[in-house]
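Sequences listed follow chains A and Z, in order.
According to the working numbering, the first sequence holds residues 259 to 374 in order.
According to the working numbering, the second sequence holds residues 52 to 163 in order.
Possibly wrong hints are sitting among the right ones.
Residues from chain A that face chain Z, not an exhaustive set, calculated with beta carbons under 10 Å [said to hold, decoys possible]:
| id | residue |
| --- | --- |
| 1 | I262 |
| 2 | E300 |
| 3 | L303 |
| 4 | G316 |
| 5 | S325 |
| 6 | R326 |
| 7 | Q346 |
| 8 | I355 |
| 9 | P356 |
| 10 | A360 |
| 11 | V362 |
| 12 | L363 |
| 13 | T364 |
| 14 | A367 |
Which chain A residues stay away from chain Z? Per the calculated CB distances, all over 12 Å, these [claimed, not checked]:
| id | residue |
| --- | --- |
| 15 | H302 |
| 16 | I327 |
| 17 | H343 |
Since the hints were made in silico from the structure, they are not lab data.
Virtual Cβ for every residue (Gly too), placed ideally from N, Cα, C.
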Amino acid sequence: EADIYQTPRYLVIGTGKKITLECSQTMGHDKMYWYQQDPGMELHLIHYSYGVNSTEKGDLSSESTVSRIRTEHFPLTLESARPSHTSQYLCASSEPIPSSGANVLTFGAGSRLTVL
Amino acid sequence: KNQVEQSPQSLIILEGKNCTLQCNYTVSPFSNLRWYKQDTGRGPVSLTIMTFSENTKSNGRYTATLDADTKQSSLHITASQLSDSASYICVVSPGATNKLIFGTGTLLAVQP
Numbered sequence: 259e260a261d262i263y264q265t266p267r268y269l270v271i272g273t274g275k276k277i278t279l280e281c282s283q284t285m286g287h288d289k290m291y292w293y294q295q296d297p298g299m300e301l302h303l304i305h306y307s308y309g310v311n312s313t314e315k316g317d318l319s320s321e322s323t324v325s326r327i328r329t330e331h332f333p334l335t336l337e338s339a340r341p342s343h344t345s346q347y348l349c350a351s352s353e354p355i356p357s358s359g360a361n362v363l364t365f366g367a368g369s370r371l372t373v374l
Numbered sequence: 052k053n054q055v056e057q058s059p060q061s062l063i064i065l066e067g068k069n070c071t072l073q074c075n076y077t078v079s080p081f082s083n084l085r086w087y088k089q090d091t092g093r094g095p096v097s098l099t100i101m102t103f104s105e106n107t108k109s110n111g112r113y114t115a116t117l118d119a120d121t122k123q124s125s126l127h128i129t130a131s132q133l134s135d136s137a138s139y140i141c142v143v144s145p146g147a148t149n150k151l152i153f154g155t156g157t158l159l160a161v162q163p
């Protein structure tokens, strides 16, 4: 069972509203990520963090912002939602495999956002 | 351009049958290749991860192979079950970064 939790799982809101998608992990991982995924499409990295007070933008430009005040918490905020923000948002955290150093990602169940 | 291409785009098989999913990549440099299973409406779950020196890795009924020379990987599912119905995503890491290159996935439907 995954130890990374996202809320809400589903959210339908009107244009212009401010929303925050919550992500928490109990594994003590330093690295955390936000991905955006549209139906039938690949995941795109929009934000990542190496640890507390560290946030970086990913490959896909996003109007969302993130914060990392605590190791276990990595919320994503949209100040003014628009229909173009409709998508699935996946949070993940990672730890390196001792033998290879590769980071293994553990994903949350996702937050599906619909902006009307 | 770093790319990961998967085939087929979708596949329907009968319960109990085997199937093989393909992944071709043009990512360079290459660090490792992962296969994830993503159930509808859920986040991806890791199945296998292979470095360039590994040719095959198994996880239960899932067996992944890697040919780093031809830049191809496959995921073989043995004795499929209804619960195998999901999207299978190939992901390549281009090196000592956090930037992963995702394929669009193969959507597998296992029918009774």
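Structure-based check of each hint:
1. The interface hint given for A:I262 is met, as the beta carbon of that residue sits about 8 Å from the closest beta carbon of chain Z, less than 10 Å.
2. For the restraint placing A:E300 at the interface with chain Z, the shortest Cβ-Cβ distance is roughly 4 Å, inside the 10 Å limit, so the hint holds.
3. Given the 10 Å rule on beta carbons, the hint for A:L303 holds: about 7 Å separates it from the nearest Cβ of chain Z.
4. With a least beta-carbon distance of about 8 Å to chain Z, the hint placing A:G316 at the interface is held under the 10 Å criterion.
5. The criterion of a C-beta within 10 Å of any C-beta in chain Z is not met by A:S325, whose closest approach is roughly 18 Å, and the hint is violated.
6. With 10 Å as the threshold, the beta carbon of A:R326 stays out of range of chain Z, its nearest partner Cβ sitting at about 14 Å, so the hint is violated.
7. With its C-beta approaching chain Z no nearer than about 8 Å, A:Q346 sits inside the 10 Å limit, and its interface hint holds.
8. The interface hint given for A:I355 is met, as the beta carbon of that residue sits about 7 Å from the closest beta carbon of chain Z, less than 10 Å.
9. Hint status for A:P356 relative to chain Z: violated, with the closest Cβ pair at about 13 Å, above 10 Å.
10. For the restraint placing A:A360 at the interface with chain Z, the shortest Cβ-Cβ distance is roughly 5 Å, inside the 10 Å limit, so the hint holds.
11. Nearest Cβ of chain Z to the Cβ of A:V362: about 6 Å, under the 10 Å cut. The hint holds.
12. Annotation: A:L363 was flagged as interfacial toward chain Z, and the flag holds, the nearest CB pair being 7 Å apart, inside 10 Å.
13. Annotation: A:T364 was flagged as interfacial toward chain Z, and the flag holds, the nearest CB pair being 8 Å apart, inside 10 Å.
14. Because the beta carbon of A:A367 sits about 5 Å from the nearest beta carbon in chain Z, less than 10 Å, this interface hint is met.
15. Under the 12 Å C-beta cut-off, the non-interface status given to A:H302 relative to chain Z is violated; the minimum distance is some 8 Å.
16. Distance check for A:I327 against chain Z: the nearest CB is about 20 Å away, which clears 12 Å, and the non-interface claim stands.
17. Every Cβ of chain Z is farther than 12 Å from the Cβ of A:H343; the closest lies at roughly 18 Å, confirming the non-interface assignment.
Consistency note: the structure conflicts with the earlier hints numbered 5, 6, 9, 15.
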